[in-house]
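Going line by line, the protein sequences match chains A and B. 1 is the number of the first residue of the first sequence in my numbering; add one for each residue after it. 1 is the number of the first residue of the second sequence in my numbering; add one for each residue after it.
Be aware that a few hints might be false.
From chain B, some residues computed to sit far from chain A (all C-beta separations above 10 Å) [said to hold, decoys possible]: (1) A30; (2) V141; (3) A151.
Quick partial rundown of chain B residues pointing at chain A, CB under 10 Å, derived from the structure [stated by the list, open to error]: (4) W76; (5) P79; (6) G82; (7) Q161; (8) I172; (9) V190; (10) K194.
Note that these hints are calculated values from the structure, not bench results. Ideal Cβ positions, reconstructed from N, Cα and C, are used throughout, including at glycine.
2 protein chains.
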Amino acid sequence: MSTELTGSRPGGRTERNRVAVLTATLDELAEKGYPGLTVDAVAERSGVHKTTLYRRWGSAEGLVAAALLFGIEHRWEVPDTGSLEGDLSAMNRELTTYFTDPAKSALPLASVASSFQSAKAADSLREYYADRHERGAAMTVRAIARGEVPADTDPVEVMRQAAAPVFYRLFISREPIDFAIADRAARAAVLAAKAGAFAV
Amino acid sequence: MSTELTGSRPGGRTERNRVAVLTATLDELAEKGYPGLTVDAVAERSGVHKTTLYRRWGSAEGLVAAALLFGIEHRWEVPDTGSLEGDLSAMNRELTTYFTDPAKSALPLASVASSFQSAKAADSLREYYADRHERGAAMTVRAIARGEVPADTDPVEVMRQAAAPVFYRLFISREPIDFAIADRAARAAVLAAKAGAFAV
Chain A
1 MSTELTGSRP GGRTERNRVA VLTATLDELA EKGYPGLTVD AVAERSGVHK TTLYRRWGSA
61 EGLVAAALLF GIEHRWEVPD TGSLEGDLSA MNRELTTYFT DPAKSALPLA SVASSFQSAK
121 AADSLREYYA DRHERGAAMT VRAIARGEVP ADTDPVEVMR QAAAPVFYRL FISREPIDFA
181 IADRAARAAV LAAKAGAFAV
Chain B
1 MSTELTGSRP GGRTERNRVA VLTATLDELA EKGYPGLTVD AVAERSGVHK TTLYRRWGSA
61 EGLVAAALLF GIEHRWEVPD TGSLEGDLSA MNRELTTYFT DPAKSALPLA SVASSFQSAK
121 AADSLREYYA DRHERGAAMT VRAIARGEVP ADTDPVEVMR QAAAPVFYRL FISREPIDFA
181 IADRAARAAV LAAKAGAFAV
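The whole structure should be built from the sequences, with the hints applied where relevant.
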């Protein structure tokens, strides 16, 4: 089968279109935000016909879902500061910047928002955080090796607990967040872990 | 000024319309969920003309915002089980039921979802949680009086920390929740509070 027919190898037309469309989606999000995202605008910006977009991604929410995985995949460098509290604080400060800096927040905000509108976007968010949990477990694994927390501490639960208060303020109680709040949530997770709260 | 002109006293026409519209909004949400909510359907169900609805509530998101405050206002009985962990577990179990039971979840899910679409809905959610925080502080105030946690523990931070992991799984990592998870998050918050994580 020729690559003209399959078109899906890296560098092929399908792959070039995919990159053009998802890049255009990220650019549109950065410029106009999620409520303003339309398939038509992404089609125009990418130069790919909108019937192709509807066929492959279904909707604006489908584009956001794909862009989330495309835009962030494999980019997260898990913090390694020498202490669990330092690592979790670094993670929480990144989150805080990522969701509040207007230059960076369009995609993450769109990802959470679109997950309420589309099962595909919700699946994409779930997949993204499962990947983060898997990578971020290293922070607690190292802390166990250093003797900072009990050996039976659940590494993913530590991450959830550290990050959760930041998200709670962002999307539930709708209160402001800052680095002091990020640090306090990290510290609380470490203290709870030391006390055995996250034993498997 | 006559009540015919102001129309806003309890029992007046404006108040009757308000109750009819917000009740219809809650019923529509319960039957069809948030993505299916339209101003037209609420107008038809309530018998109030849709131009009145648009003028007063602006949009479907505006209706959800008003229904959130109308439907839950002053209804929460703060748990009082005799221990902080018992109280926070009860709160978290209520949350878990409230967001996962199909018979109850339509309004709370719509409230969070619509807060991404509308500043009015976000304000309403913020107001709702500020009220919950104010009431729920009693749980930690009692625990301080019993000597369970340090006297300088921030009562609202304890609530945020206890509830946050439930919401994180619901709306960020999109993982399932259950009573065991609700209880574990409550216990972690208590252990962190005992260790001084939420000192004011």
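Against the structure, the hints:
| no. | hint | in the structure |
| --- | --- | --- |
| 1 | A30 | 17 Å, holds |
| 2 | V141 | 19 Å, holds |
| 3 | A151 | 17 Å, holds |
| 4 | W76 | 14 Å, violated |
| 5 | P79 | 19 Å, violated |
| 6 | G82 | 21 Å, violated |
| 7 | Q161 | 6 Å, holds |
| 8 | I172 | 5 Å, holds |
| 9 | V190 | 9 Å, holds |
| 10 | K194 | 7 Å, holds |
In the structure shown, a violation is registered for the earlier hints numbered 4, 5, 6, in ascending order.
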